[in-house]
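Student: Please put together the full structure from these sequences, using the hints given.
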Amino acid sequence: MAFGKFLLKRTLQGVLVVWGVVTVLFGLRAITPGDPVNLIVDPAVDQATRDRIREELGLDQPIYVQYADYLQDLLVGDLGYSYQSSRAVSTMVIERVPATLELAIAATIVALVIAIPLGVISGTRRNDPVDYGATSFSLVGISTPNFWLGIMLILLLSVNLDLFPTGRRPVALHDALWMFLTTFYIGDLLTWLHHIILPAVTLGTYFTALITRLTRSGMLDEYGKPYVTATEAKGIPETLVRYKHVLRNTMIPIITVLGLQLGTLIGGAVVTETVFSWPGLGLRLIGAINNLDWPLIQGIIIFVGISYVIINIAVDAIYAKLNPRVLDE
Amino acid sequence: MKGADNQSTGRRSVLKATGAVGVTAGLGAIAGCLDDPTGDDDETDELVITQGEIIENPDPNDHITGPYFNVLDPVYEPLFNVTPEFEFEPRVVTEWEDTDDGAELTIQEGITFHNGDEMTADDVAYTFNRMIDPDEGIESDQAAGLGAIDNAEALDETTVLLEHDVAPSLAEFEYANYGRVVNQEWIEDQDQPIAGNDADAFNGTGPYEVVEYEPDVQIVLEPFDDYWGDDATLERVVFNQDGESSGRANALETGESDIVDNIIPEDVAGVDDADGVEIREETSLRNVFLVMKSGVEPFDSTEFRQAMNYAVDNQGIIEDSLGGYGEAMTQPIPDGVFGHNPDLDPYEQDLEYAEELVEESGHAGVEITLYSPEGRYLNDADVAEMAADQIDQLENVDCDFDTAPFPDISDANSAPYDDDEIPFFLIGWGVITGDSDYGLAPFFVEEAPQETLRNEDISEMILESQTIEDEDEREAQLQEINAELREEAPWVFLHSQDSVYGVRDDIGWEPRADESIYLWDIDS
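From first to last, the protein sequence lines are chains A and B. Everything in the first sequence is counted per the numbering used here, starting at 1 for the first residue and increasing by one. Everything in the second sequence is counted per the numbering used here, starting at 1 for the first residue and increasing by one.
In case anyone wonders, no lab produced these hints; they're calculated from the structure. Check the hints yourself; a few may be wrong.
To be verified - A few chain B positions that, by computed beta-carbon distances, are all more than 12 Å from chain A:
1. Glu-104
2. Gln-108
3. Ile-111
4. Asn-151
5. Ser-169
6. Asn-197
7. Asp-231
8. Glu-244
9. Asn-262
10. Thr-283
11. Glu-359
12. Ala-364
13. Val-366
14. Thr-369
15. Met-386
16. Glu-488
Claimed, not checked - Reference excerpt, derived from the structure (chain B facing chain A, CB under 10 Å, subset only):
17. Glu-53
18. Asp-59
19. Asp-62
20. Ile-64
21. Glu-139
22. Ala-143
23. Leu-234
24. Glu-235
25. Val-238
26. Asn-240
27. Trp-429
Computed from a predicted structure; not experimentally measured. For each residue, glycine too, the CB sits at the ideal point set by N, CA and C.
Tutor: Structure, rendered in structure tokens:
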């Protein structure tokens with residue numbers, strides 16, 4: 001199969017997945033009890049006004065008409081208006097993307113900075129106390145729930161030791177960077193860093209544990225391969241073998257996992273953002289769910305779904321380029 | 001104030017951050033980069049107020065919720081100053097009197113909006129019409145509180161006529177609680193309701209103007225230099241949002257916030273024990289009760305409804321579930337509201353008498369289910385479960401408990417009095433106008449939006465009370481209605497919950513029953 005055809009096929013599959021997400025969400029909205037008008041206006045508002053609002057929102061139409069209208073609007077990028085705030089859902093989603101991306105990327109950096117050295121050490125010193133420590137950390141890290149870890153970090157490092165703020169995001173990264181680039185003022189950048197450390201560690205811990213395990217097992221696999229014995233037999237220094245050959249080969253699956261995990265991090269930041277009041281998509285989603293603000297709930301989940309699909313297609317495409325045999329499967 | 005130390009550009013936070021990230025080695029090299037180019041660094045006296053919610057949109061006429069007014073009132077000032085005792089004092093409106101046509105309001109001259117336009121009587125009239133007439137502007141929740149006002153008209157440059165055909169005191173309660181003036185010319189160029197997402201989406205006449213706004217995250221206010229009245233006393237105020245009680249408590253304890261609202265009982269002890277902060281509380285006008293739809297068996301019997309009240313130990317629930325932060329209700333209207341009857345006592349738990357009343361009602365052996373939302377009111381599901389357990393202790397009533405999504409409960413509340421879908425449920429109601437009518441008419445007038453009890457006499461008494469011109473006479477009528485309703489027992493009267501705040505102990509501010517936080521009342 002040609003690469004172009006492969007990409008087209010994957011894209012069509014992605015469109016089908018997004019359509020599925022949209023349809024399931026619409027179905028959930030349809031079967032959720034409660035009159036949306038009750039969520040929009042004060043309970044004391046009279047029936048005539050309620051009926052008028054219901055009509056304006058199209059809620060008096062049969063469900064298939066509402067579904068067709070919704071799909072039609074989606075095709076032109078119109079996600080509707082929030083019941084609670086009357087603001088355009090597309091704006092409300094897009095303005096929260098930077099905070100979530102900042103957190104996802106910071107969590108990835110935390111994971112890489114800790115996990116790769118730890119995995120390398122663990123993989124090269126098998127059955128050493130360091131290895132036991134790293135594998136124990138991986139086990140604990142994978143098993144620790146986000147919300148518990150976040151709360152414990154806040155209690156210990158914020159409330160008791162007063163080292164870090166409890167979260168929030170007093171300044172956005174792009175504003176802090178702009179300030180730095182235009183005035184060389186670094187204070188905002190440090191403030192941003194100070195505020196993101198605990199949320200990033202919380203969100204990144206599972207990921208750190210996962211990459212540590214992957215790196216360790218990858219290193220052990222590679223060490224068992226003949227080319228390592230051959231390079232060592234040639235007298236190449238062990239450090240060079242470890243970093244130039246073994247680690248480089250180990251990194252290929254890790255980079256694939258990294259790509260896929262970015263989608264998971266964007267969708268999975270809900271708990272961390274809630275614990276730390278980090279103003280990203282997750283926190284907005286929780287607020288929308290609490291208010292049963294369906295247009296906003298749909299908008300956020302569709303956005304996350306589309307991001308996930310795009311990342312997957314991109315990873316597939318890169319994989320196909322690196323390994324053309326995939327095209328024939 | 002500690003809050004001042006936590007600005008994004010504060011020296012302390014920069015040093016803390018620097019230490020925390022381990023870049024002290026390079027500190028000397030970057031020291032020159034730490035000076036805030038805006039120059040307002042740590043000299044700014046900043047007050048941070050963290051609420052469970054801030055505003056849904058920047059429109060001052062759209063919603064009717066206390067936390068939104070707290071944020072918007074400094075920017076779009078109220079027409080009147082409302083004292084903690086619910087007295088109305090002049091502010092934007094300097095004089096007001098009732099005429100044959102309605103209420104005539106005289107407005108202060110020389111008031112300007114933050115964009116420099118002068119405020120006119122036309123703006124005031126437009127503001128009211130915008131809320132009560134859907135063709136004029138928006139579907140405002142505040143219309144529910146302005147039900148008595150039919151139309152607004154500017155009579156001259158400084159006089160506005162509010163047409164109404166109810167008692168002057170009822171109309172006054174309504175227009176004095178709402179009506180943050182908007183600039184007609186400016187607002188007609190905005191989305192309806194205003195939906196902007198930056199500081200330009202605000203244009204009021206208040207003592208503070210918005211300098212930063214990030215929806216659902218924070219709003220930053222600074223004094224408006226051309227304010228017509230007394231100068232603002234706080235140099236910079238930040239309202240931010242944290243939906244989690246523990247998050248708000250932590251923000252207070254770490255000095256990131258100076259005032260936080262709605263501390264739940266579980267977090268009270270932690271805040272009280274922390275250094276430099278304290279708990280301050282006030283009984284609110286928010287009343288929590290169990291609705292019994294009187295058109296549905298067994299709740300169609302007055303004896304049965306009274307039995308439910310005798311079965312429940314509401315004082316015990318307040319102690320056990322609310323940590324004491326509540327007041328037992330004696331009637332549908334909480335203490336502090338015009339028309340509350342101070343001579344009534346709460347129902348005391350008496351299981352034997354309750355069983356007798358159930359026998360008298362003819363519904364002995366009945367099975368009922370109490371529904372409750374979860375997370376909408378202070379420990380709501382816990383409160384309802386305790387009440388259901390107590391009712392279940394009656395030998396002749398089997399009471400189950402279940403939670404339901406709030407929209408289901410809200411639907412039940414809006415359903416007719418004989419709707420049997422969910423006839424027995426917990427809900428809350430804030431009598432936010434400070435007048436009993438807002439707590440009585442929606443529930444006890446025939447075919448009202450939340451009709452709970454169909455009782456012709458009580459319905460007529462309420463409608464009559466709306467037209468009694470003499471204030472004392474009207475108060476007496478409302479008190480009598482409350483006494484009648486205590487006997488009719490349309491609800492199981494539970495409690496008015498306390499508003500519990502965490503406050504830095506060096507801040508001079510006391511909570512109010514109406515849950516308002518006015519910046520001009522804060523002495524920092």
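Student: Now, for every hint given, state plainly whether the structure supports it.
Tutor: Verification of the supplied hints:
| no. | hint | result |
| --- | --- | --- |
| 1 | Glu-104 | holds, 27 Å |
| 2 | Gln-108 | holds, 29 Å |
| 3 | Ile-111 | holds, 28 Å |
| 4 | Asn-151 | holds, 17 Å |
| 5 | Ser-169 | holds, 19 Å |
| 6 | Asn-197 | violated, 6 Å |
| 7 | Asp-231 | holds, 27 Å |
| 8 | Glu-244 | violated, 7 Å |
| 9 | Asn-262 | holds, 14 Å |
| 10 | Thr-283 | holds, 22 Å |
| 11 | Glu-359 | holds, 36 Å |
| 12 | Ala-364 | holds, 33 Å |
| 13 | Val-366 | holds, 26 Å |
| 14 | Thr-369 | holds, 16 Å |
| 15 | Met-386 | holds, 24 Å |
| 16 | Glu-488 | holds, 21 Å |
| 17 | Glu-53 | holds, 8 Å |
| 18 | Asp-59 | holds, 8 Å |
| 19 | Asp-62 | holds, 7 Å |
| 20 | Ile-64 | holds, 5 Å |
| 21 | Glu-139 | holds, 6 Å |
| 22 | Ala-143 | holds, 7 Å |
| 23 | Leu-234 | violated, 18 Å |
| 24 | Glu-235 | violated, 17 Å |
| 25 | Val-238 | holds, 9 Å |
| 26 | Asn-240 | holds, 7 Å |
| 27 | Trp-429 | holds, 8 Å |
In terms of the numbered hints stated before, the structure departs from hints 6, 8, 23, 24, listed from lowest to highest.
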